[in-house]
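*Asks:* Protein chains in written order, with my numbering: chain A, 55 to 237; chain B, 63 to 505; chain C, 538 to 695; chain D, 1179 to 1574.
Treat the hints as calculated values from the structure; they're not laboratory data. Cβ coordinates follow ideal geometry from the N, Cα and C atoms, glycine included. Please note: incorrect hints may appear among the correct ones.
As the list claims (entries may be wrong) - In silico DSSO-like pairs for lysine-lysine, Cα to Cα no more than 30 Å straight-line:
{"no.": "1", "chain 1": "C", "residue 1": "Lys573", "chain 2": "D", "residue 2": "Lys1440"}
{"no.": "2", "chain 1": "D", "residue 1": "Lys1236", "chain 2": "C", "residue 2": "Lys650"}
{"no.": "3", "chain 1": "D", "residue 1": "Lys1440", "chain 2": "D", "residue 2": "Lys1236"}
Claimed, not checked - Listed below are several chain D residues computed to face chain B (Cβ distance under 7 Å; list not exhaustive):
{"no.": "4", "residue": "Glu1240"}
{"no.": "5", "residue": "Ile1330"}
{"no.": "6", "residue": "Arg1341"}
{"no.": "7", "residue": "Gly1400"}
{"no.": "8", "residue": "Ile1403"}
{"no.": "9", "residue": "Val1555"}
Listed here are the chains, written in short residue letters.
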Amino acid sequence: MNPAINVGAAPVATPWFFYGLAAAAVISGLLVITRRNAVHSALALIVTLLSVAGLYLMLYAPFVAGVQIIVYAGGIMVLFLFVIMLVNIERVSKERQFNRIWPIGLLASCALLALFLSAFKKGKSLFPDRIIPLPEATNTQGIAAMLYGEAGKMGQYTFTFEIASLLLLVAILGAVIMTKKKI
Amino acid sequence: MIDSFLSYLGSTVPPANAGNQLWVLIYVLIIFAAVSLTVMWLINWVERKALAHFQVRLGPMRVGPHGLLQPFADALKLMLKEDIIPDQADKAVFWFAPVIGLLAAFTVYIVIPFGPSQAVSDMNIGILFMLGVSSLGVLGIVTAGWASNSHYPLMGALRSSAQMVSYEVAMGLAVVSAILMTSLNPSGTGTLSMIGIVEAQQQQGIWFLFKFFPLGLIAFVIFAIAMVAETNRAPFDLPEAESELTAGFHTEYSGLRWSLFMLAEYAAMMAVSSIAVTMWLGGWLRPFPNLMHGPTWDFIFSLFPGLSFVAFAAFAFIGTVRMPKHSYFKIQTVGLGIFGLVLAFIALILLVISIGGYVAQAHATTGPSPTGLLKALATFNEGIGYVYWFLLKVTIFMYLFIWYRATWPRYRFDQLMKIGWKVMLPVSLGALIATAIVGVIVK
Amino acid sequence: MVEKYKKQYGSGLEAQSYLGQNYFTVDRSLIPDFLKLLRDDEQFDYCVDITATHYPKREKQFDVFWILYSFARNERIRVKTQIADGESLPSSFPIWPTADWLEREVFDMFGIKFDGHPCLKRILLPDGWQGFPLRKDYGILQQDKEWVQINLGIESGQ
Amino acid sequence: MNELKDKSLPHEVSPSNLGSSNLDLDTPDKPYLDSNELIINMGPQHPATHGVLRVILKLDGEKVLGTECVIGYLHRGVEKIAENRTYTMFNPYVDRMDYVAAVSNGLGYCQAVEKLLNIEAPPRANYIRVILTELNRLASHQIWLGTHALDIGAMTPLFYTFRDREEILKIFEKYCGARLTTHAFRIGGCQYELYNGFEKDVKNFLSFFPPKMDEYEALLTGNRIWIDRTKNVGMLSAKDAIALGVTGPMLRASGVKWDIRKAIPYANYKDFDFEVPIGQNGDTYDRYLVRMQEMRQSCRIIEQAVNGIPEGPIMAKVPKVIKPPVGEIYHSIEAPKGELGYFIVSDGSTQPYRVRVRPPSFVNLQALDTMVKGQLVADVVAVIGTIDIVLGEVDR
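Please model the entire structure based on the sequences and the hints provided.
*Replies:* What follows is the structure, encoded as structure tokens:
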């Protein structure tokens, strides 16, 4: 929340909201990987996703926040829960939670942390002139323009976007074929 | 603080957009109280009475005249009832599940536009927010079913999650086709804002229900079916199918927690009805706002709220007169009479406000804009008109919910899924594509 | 029909009639074959009921009845056989699936065992029940007394 | 279900497939996608099991792999009671078996004892018996319709049927003082002469009831959801039905035109002109239609009977002390639920040596497993409803 980025727009809320949401996201993120009970993990993941949605709102990106809630919290997580509920919880809770390659995991985490730190350090010099500060009223349109284009012109990401949707379609068909024995 | 309170009166944007935090708080409180009360008292009573009369029964008759106080008695009973948490249940999740459902159901009301400025917030992504948050309601049901650690609730939860995820797709597509229609505005851009959608209908001079006939109607019907499924009401009440799963996901719940589920269910019913009204039935707009405009028409339509209450009061008085003349019914007779008087008093106030609004409008056309009381009356008149027409339309939907429940048997799970995926989804997709094509041609 | 079977089975089979209702009294050894014959050759395809009667003073204590009906002939007959206590009968479940519960009930009430029944266990009474209630020598009062003494801790429920 | 239909029964019946409704709870079938099978206990306290039926369901998700009925929760030892009562004293007990069709139970018992005594009830008594029994059939079918529809989720028909059943119960009450367990008949005829205005009451009912039936049908017969929920649900082919000993409307819905009132007429049913409605597919919808048709046919019978009640005595000459000669008799009638039979063994004393009741609900309930295997949980409820059981009769 650098006020300098969003020139002319009032801050959505006080920085305390940011700290609150960030803390919620981090804590529930930790709960996701430490809870033995899979349903608890899933619920914690939902809290993480909602906190992140809140962060998007603070960044004047309501569309992304809305999509985050609909797709992840409302859709995917419900399916997650659906699947998890069919699993025998008692058996799972007796199994080992972490596998043996934790050193590699630790290494990866350290690398990620380093990446974050460098991004944070260099962020100010990297991003300001590349981020287009969009006021809330038009950034949904902005996303649309990038994805679909406007005034007869193809958007910046139209092709990539369509490729992604095609990929998803293929994935769906694959899933159907794999599960259905005869069509 | 008082300045802030007064200065906002008559504002044309919702308080959150005006940055008026005091009014945000007031609105939230009003909406929360009003929704809880309508759900707890009015809808509960109407549903029981209407259902009873469908089924050649009388319904509640004892607590209060014609059972008017029955919902309060029930609420009291539920609050005092022992709150049982099963021994094997996952206690934390069990405790939290109804809260999730309730939160989701009530958060939605933030963006529901009862009028152009009668909403907490006019969000840019209003409809998206609404669909997203209302889809979180299923989490309450799923976690409740799982946390009960019992077979029937688990099956209810499984059914409910599958059902909601499936019907959300058709629902979303139907909504998108209405959103497409907003892009035919004179201004040329569509909107996701709930207020913007209603305004688009006003600007285009047609409810989206009738736009591109029958495309708007198809989308509306799809939504109207999907919203019944989303709220787990008959004939799609499989997650709580009484005769199959005893009570589905809330089998193990009792007392206050159970009543939270009921509250959430009814609040969600009102919320989805509000979406339908906003998207297709012109939201807060009164009938024919463009054809029949002018002070006289405004006045005639502004009499409706007052006249409705006159009708309610008349019903109450007729009931008072027809009450059996027996000492046993004395309290009830007096109570109903007082209730009628209260209604008549409300009717009087509403009529005064509408007349005051007419006078103010007449003043405004002839001389300088009115101030003081007259201005306040005009403002109230306008606001009451908006809220009245909006709630009237929502009421129709609420009544339909009850009607469905009295008439239809319950679908089976596989049939429900088949309808969701094989009928509703293609039809709504087709309607969406057709709407887009027609829209491009028209534009 | 009667003559045919009399010839075939001889003394093991006796055809009688009482108040216009026909019944065969057959020897226990003929039981599965004769019933199967009735179903296959005489079209008695509907087994109305299977039941028994207890005569404690007789040597062969039980009369077991099959009440059969033929849709094609619109005729109802009974088959009756006598067995002693402890003897078992072949199950008629393979002939008429409806015999499943009917035989279970006979077992439940009389303790007559049916060989080849898929799951011969008590049906109306709880699994742990003692004795067979429809036997004539079943002590109702004694049973009742025992139950109240164990479960209610009182001397007698009567 | 299709597998079962193709199987030619009863001659190649395989015991593991048909009739034996005994779950092997310890050895699960092959797991599907490694998901665990669910063993669910439906009842004895469950809103849709019509009393105290307990069905243990083995489920794969929502699909039913097998069922086992656990019955006997309402067992009162009626048959044992009979051995300790005189013939007359036992008469009221039979009303308590199928308590929604008490009159039919009484008719069956009285006629069985009459047969044993070799006496015949006088024609006037027979007419009264027919009228009351058919009224009772209507009442029983109304309860079936209401509860069946409620199980499938339609709440309203329940109240409609109970409203109209009330009129029938009023007639019973006026006739014999009781509404439910009527004990309307006596061995040898009827105890009570018709009250004044009986014919008028019955005729009023006959003009009142058919429009109400149209009302039920308006709610259900053409209802898309009702059809979806009942068509092809709980299929029972004619061969299966016969092999399982299923009788009554269930057998007729499977396409077997067999009604004891026509096949082996009792009372004076052969005097009346009525049809025996049958179904084609043997599914739940056909059973619904058959029962609805039966109700209309019952109205026809009542109409003919009430217009032709002869004068005369209502009791045959029955000895004061009923002491039938040694012998055994089986007599059955077409109760609303199927063939209700009484097998009475007399040893020449005043008490029956053995009374065996052949309960239609009990035998019909056996078909549950065959009918629901491979279907969904919701269908179990529909099928229990369509079998039309009364646990008082199943458990006796």
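*Asks:* Does each hint fit the structure? Answer for all of them.
*Replies:* Okay, the hints, checked on the actual structure:
no. : hint                  : result
1   : C/Lys573 - D/Lys1440  : 28 Å, holds
2   : D/Lys1236 - C/Lys650  : 28 Å, holds
3   : D/Lys1440 - D/Lys1236 : 41 Å, violated
4   : Glu1240               : 6 Å, holds
5   : Ile1330               : 4 Å, holds
6   : Arg1341               : 5 Å, holds
7   : Gly1400               : 12 Å, violated
8   : Ile1403               : 5 Å, holds
9   : Val1555               : 6 Å, holds
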